[in-house]
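A.B. asks: If you read the protein sequences in the order shown, they are chains A and B.
Take the numbering used here: the last position of the first sequence gets the number 358, and nothing is skipped along the way.
Take the numbering used here: the last position of the second sequence gets the number 972, and nothing is skipped along the way.
It is worth saying that the hints were derived from the structure and are not from the lab.
The structure displayed is predicted, hence computed values, not measured ones.
No residue lacks a Cβ here, since even glycine has one placed at the ideal position from N, Cα and C.
Don't take each hint at face value.
Stated by the list, open to error - Covered, in the sense of this in silico footprint (three residues per stretch, anywhere, with C-beta under 8 Å from a C-beta of chain B), are these stretches of chain A:
1. 233 to 242
2. 278 to 292
3. 296 to 304
4. 316 to 328
As the list claims (entries may be wrong) - Below, a list of computed lysine-lysine pairs in the DSBU-like style, where the Cα atoms sit at most 35 Å apart:
5. A:Lys323 with B:Lys909
6. A:Lys236 with B:Lys909
7. B:Lys626 with B:Lys468
8. B:Lys755 with B:Lys626
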Amino acid sequence: MNLAAATNESLAHTSNVLIYSSMAVYTLAFFAHIAEWVLGSRSKVGRTAAALSGSAAGASAPVVVAQGGSTAVLERPKVVTRSAAGTRDVPDGPGAAGGTFKGDLWGRIAVSLTVVAFAVEAGGVITRALSVQRAPWANMYEFSITFSTVAVGSYLVLLALKKNVRWIGLPLVTTVLLDLGIAVTTLYTDSDQLVPALHSYWLWIHVSTAIICGAVFYLGAVGTVLYLFRDSYENKLAGGGTPGKFAASVMERLPSASSLDKFAYRINAAVFPLWTFTIIAGAIWAGDAWGRYWGWDPKEVWSFITWVAYAAYLHARATAGWKGRKAAYLALVAFACWLFNYYGVNIFVTGLHSYAGV
Amino acid sequence: MSKANSSTDTGARTDAAGAGTEAEREQERVDHAAGEQLSTAPREERPETESESGTGVPAMGVVGWIRWFWRQLTSMRVALILLFLLSLGAIPGSLIPQTSVDDLKVQNFKDQHTTLTPIYEKLQLFDVYSSVWFSAIYILLFVSLIGCIVPRTGQFVGQLRSRPPGAPKRLTRLPAYTTWRTEAEPEAVREAALGVLGKRRFRAHPVGDAVAAEKGYLREAGNLIFHIALIVMLVAFAAGQLFKSEGGKLVVEGDGFANTLTQYDDFKSGSLYDSDSLAPFSFVLDDFVGTYEESGPQRGTPRTFEARVKYTEGADGPERKSVIRVNEPLVVDGTKVYLIAHGYAPVVTVRDGKGKVVLRSSVPLLPIDNNITSTGAIKVMDGYRDRYGVKTQLGFKAFFVPTFAGHGKGQMFSQFPGAEFPVLALSAYRGSLGVDSGLPQNVYQLDTSKMKEFKNEDGELLKKMLRPGEKLDLADGEGSITFDGIEEWASFQISQQPGNGWALGGAIAAIAGLAGSLFIQRRRVWVRAVRGEDGVTVVEMAGLGRSESAKLPEELGDLAAALITTAPVAPEKPVAPEKPVAPEKPDAPEKPDANEAGSRPVHPADAPAEGAEK
Ligand code: HEM
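Just chain B, same shape as in the assembly (with noise of 0.2 Å):
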């Protein structure tokens, strides 16, 4: 700001500028301030006027450490490097497994790669992107990012309440510049150049005698809005990190689900999370659709999935309608219920040797390919007595394919995975099913370690491939499983994640705040006039841009243009008819120093830089 405010006196500086060096210094400083703070971006090597000791090693102590170590940490090269750094680490984990994005991958390539496993772990490769690591790399990158935009917001609030800084000395020297000769009086003319910078949105004040005019002011405000909102979008991600709950949950059509924690076939959450905020709703799937392309040579691929529900908000809301897709998932006070997998339930209908009913239900299975060839297992935990009316257990192995192939072509895997001829084959066990010892079982696997198998005539295991409405018999008085028909099954995943309104708004500020960055440039445009000799005014225009663009001299000559109306070029002076004399003008004022003459540009009188415009 101290410079701003030094710049903004030089507009006044006394012209008495004989003395040689002591000018150029001047003038150097002059021109430097012409084009310091068109942007608020640190700079990189400090001048060591201020109080601080330089750039160099810090020479004092802890607090010189720590504030050599700030200077550095919010330098423009650490955060180059340390973006560089994040994208370099981000690489591991795409390359390796990531336990969060797949766990059952990470123990295949744990259980293939026995020496490279422990080295991994030890870097924490396998949870690349909540190693320490990283996190040091990002939440650097976001302190320096921090330390940047502090100071910055405060340089640029110091622009806005500061003014344009005068008119350097050579106009010339400045990527874009005019000149002509006006009749007009010089008071007159840099009056009408306010009037014209005004009107074209330029913060424009006369500084001596030239009018010193900047635009532009919302590239650095639209940068500073890009690296705030990062701030926004890094904080959101956090917090739903931390806050998020994720579960899993399989229906069958006809059955529902209520949003409590034992509903849940599986949960996850952040780790400050609280149960007690699940959204209370439920919902009852009615139906799940899939179609699937019939034929071709993409014949099977997946063509819809819907699952048509009924819903209800809070614990008495209403019953509404809806379906889930697959990119489509139901809304419910915040909570988002996904469609992510679906598969068969077979239902089926087991009797014990009286005929009694004991089990009947549809049966999910879990699907193992493409085509929905699925596997599972059918429990029968109580109710059942044998032909001795002894309790037992039954338990069947299960085998499904929406499309069987036929008898004798060859394995027993569905074709298609829509459920055109569905088969269901069952063996059959009895004894424990192991669900009282106290260690967890999977529902869709049969532990027949305490269990005997059914045989048949022939004295093999009993099974038998069964067609909707078939029956297997279990041996003579033991009752009979029958595959009655089928459902389907949807999985759903239900999660709530807080944040997500901050993350987008960030997104969407940093995407305005980054094209106003990018798209804007702030210039600066200074227009002298000054009486001449020869009593005629000589107006000088030049303009300055933080990169040098294509459009500044076109906006230099449209400025140009709008002022000639109330400047008019004045006419020719038969003095010198081949060469004008204006060049040399501009510069006159200040004539005396022999110095300068050297550094001027020489004007061949045939040169009018053509071509120039481009």
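Looking at chain A on its own, in the form it has when it is part of the complex (with noise of 0.2 Å):
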């Protein structure tokens, strides 16, 4: 009992010790991402600029060329793309790196070193794990080191899959940093076993889904916010407006709007009924712990409103004059509200979720 004990103060110390060293080297990469946008600034970019003002030959983009040549019976033909009537023809920026050799360079430094960070934090989440033997949420500080690790590992996926998503590094990494700040800060608890109301294999399945949730409605709400900003910079230029020349070095090399925007959508409505399954999850756990599946706890209320904000969200952009800014308001009101859920609710309303002690 006595050596088991020992063992996991171990384990916890170890957990303890991964963390700041995540942070270390999240900090690195941070400084990388720095290096990446400065580097990348230098460059003559422009290409949004040319594109916009010579729009009319933008919008002429599907040119085709059949397939030459004869012997080319198999080829695959090629397919021009074109965006829907009402949305601006830019194109994308060309990442913080601007096209620049260095810029790149420290870009996949940048990356190479949240690879490493991500690694040193899940290692980190996992002796958690093992020293308290059972899933690593059961209080804020547990849950705020998962979910900024699913975060990070979400934004690797997308990245393995060669999504055009390197553009989020930068403000990913800050906000982890924060993240995990706060918790080793303020939120630390010691390692400890659950009260017998978290027993349950529903804590894997509710609580698990609610931090992939959390983790990849944060990315996109801030391809949201990137779109909103992406968004005013299009329109002053279309306007005729000549933006500063800061907003204008870091806005050029940021996707376009509409690809912000589309991106932020993905993710919003991949994650969506992911969020529902998480809402009905607790909902049955509710129901045999509790004896009833819906009792309108803070927690249960805040869960529905964030559920029902990103719903009126998927409606907007169904609903002619709510698309674009709007929607993408909405989006993040219900964020907001998926972040007062987690922390607001814990930290001023009191209700069942009691082990959400801070």
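Can you join these two chains into the complex? Each is in its own frame, and there are hints to help.
C.D. replies: This is the structure:
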């Protein structure tokens, strides 16, 4: 018994060391990203501006050349794409590195460091789990470290799938550092076992999906915020205005507003069913634990609000007059609800979800 | 539906489109029809073509107003606003204590906020989720939902019956497009296209010089299922609330419970509940086991709670054993028995002056803190006579700690929830318990207003701390009370709520429908094959989806690659070596009108739309 306790304690200690180490590596990744952006700013990008001013030429995109070469019988024909009517035809920016070699190098370094930091952080989460011999999400500290691990993991998965998402790197790493900082300072709780109310396989199901949803919704929210910035930038350009130098330098390297918008939509739409499932799984668990599957406990209420807010966002996207910026604001409201559910409800409101001790 | 039909006709459009603007308008209509009905979402701006008087303020009487109101209610915009209101309306309920969640908290709040309380009560803020205004929001939303689903379902069935609309004139305008020239006959190409599309489970049919195909109807089906499932869930939830029953029962180890109304300590039920519907069963609590963290910073944190029971289903069914845990209710005949709380019940024996036992019982006490410091009352109603043989009642205030810190070590509060060093402190009274006064009595409290204290030698209230086995002697010849040992008690919530199965079924259908609705793309593909002026066949393919997706061009590429096996690319004409003529070709049949030339993209020979594939 004592021996086991001792190993657990040393595992918990290892976990803490790993979390702190991952913070160090994330900090390095943060600086590498900064270097990427700074070096990238020196390039003469100007592509977006050009594309916008010469938008007449841009609109004539569907130019097609039939497959040439008599021998290339089985060659795949080229498919020309074109934005739907009503959206601006603006090409994506070249990314933070701005097409410069050095910037790109630093960007790659940043991504590699992020991978390392992710691995270390994941190690921290796993050792924490081993030290308590249960799922590592029974209090806000554990929730926070798992949350940021999953957010970074999802980002890396998108990168591995060759999606154009490196632009998320800097904001993501910044907020992960923030999240971990709060976790290790104010939220820290010594590792321990669960109270009986949390002894249930639903803990694994319900809480893990909740964390995944939050982490991925977060990526969507970052995309949405950047969409709003980039959209005003494009509006300004299209309206003949000249954005500030700094804004221009940053904005023109981001993907186009419509790409960002689509990215955010896909992310949110993809996670929405999982979020629905999370709430239903929670209801089933509540049915077993508290004798009713829905009782308007504050945590339940805010999950519901978040869900309805995301549903409103999805509806807005299909409603004339609500597409675009208004829908984006709704998406941000929805994510704010999620955040409040996670931090606000635990801190300001008391309910049955009492494990949420700070 | 009428739209779908008219668009089907357009395939057979005559190409005598020389008449400028006339053709333009026709063109607009056809292009519009191509994208039309890719979903059943209601149109926000209705064209004022039909018999209706447009979207403005209705000009006619009551019927007009009703129709106008209905149309507003079932529009996407109002659904959106109602959704938003629903989430907004749910907020106060999470910040203000709710009667349905925690009655006691509401009472405390009311005591503390005397000015706010009347306002809150007016606004029903202590019962948000059953308030008039919250109900109004969700009922409107669900009326809107039904008003939305019914026509959409009809429309969808219509779409399933009709066929994808014919190809728009200018396929180049669609989000994904490709073309090539082949020596195969146009008819053969169309035939092959039908085959290729059919094999990929497109619904395809030839229309004029093109093949029109569509796929992904499941998206719409999923969407409709999702919205219908929402209604099922709401109805199940409402039924559950109306028909449910829920009661509490505290059971000491060794005692039992039978599921009849009289056995409950407290009982609540929905407004349509019928007490005959209580499931007949009974159970006996054999043993309650609670363990706690023994050391470390979280010493005292609960680790296991288990109620070991024997239960009998029906009046005389076989006896079965079961363990009820916090997350694992016992389910008997649709009724669930949950373990809610637990505590200690000291076993005491009260004797009168002659040594006759007048009470031997375990007395459940109520915990007042996490370490199960407990308080309660021991009441001897009858059977006791004092030393003069006069009948009277006895009462003891009881204070119990499962783990006592030790004499002189701070207060008399428990140090640990497990019974490691149990101590029972008693103070003794006699007189009238006030049980017959007709007022409801709290079993855990002693009303001493009509009682006299027993005194010790110093003339003070007689009280004593007892370890198990120890005895408190009342005054000379008045008898005694012995602390024999400890039992534990567990309290259970017994609830019955119909409709759970429906709610769960609805929830599963909702997720499945949602996944279909969000992950499936509904898209159309057209393949046009016509003979060009030089006798070579020009194949054009284009795709249109509900939303722009990266997958659409990819899929079109796949389809084209498949089609190219039967319609191989024709060798380059030596006439114009640097510039293939193909791009101009597609619209060649309709060549004559000069109007289009302006809007048609100019094709610089050196701009092969590189990278457009991404
Ligand atoms: C109870 C409240 C409602 C909830 C929670 C809800 C939820 C959703 C969700 C999550 C979607 C996304 C699925 C998708 O984009 O395909 C959706 C789509 C849709 N909803 Fe609702 N909905 C509700 C009420 C309504 C009402 C009242 C209407 C009718 C006015 C409606 C009409 C639609 C339509 C037409 C779509 C499809 C939009 C599209 O095709 O993109 N919904 N709904």
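A.B. asks: Confirm or reject each hint.
C.D. replies: Hint by hint, here is what the structure shows:
1. 233 to 242: Since three or more residues must qualify, the claim that chain B covers the region 233 to 242 of chain A is violated, with 0 doing so at under 8 Å.
2. 278 to 292: holds (count 10)
3. 296 to 304: Held - the region 296 to 304 of chain A has 6 residues with a Cβ nearer than 8 Å to chain B, which meets the minimum of three.
4. 316 to 328: Answer holds; 6 residues pass the 8 Å Cβ test.
5. A:Lys323 with B:Lys909: Roughly 22 Å separates the two Cα atoms, so the pair holds.
6. A:Lys236 with B:Lys909: holds, 31 Å
7. B:Lys626 with B:Lys468: holds, 23 Å
8. B:Lys755 with B:Lys626: holds, 30 Å
This entry does not satisfy hint 1, going by the numbered hints stated previously; all others are met.
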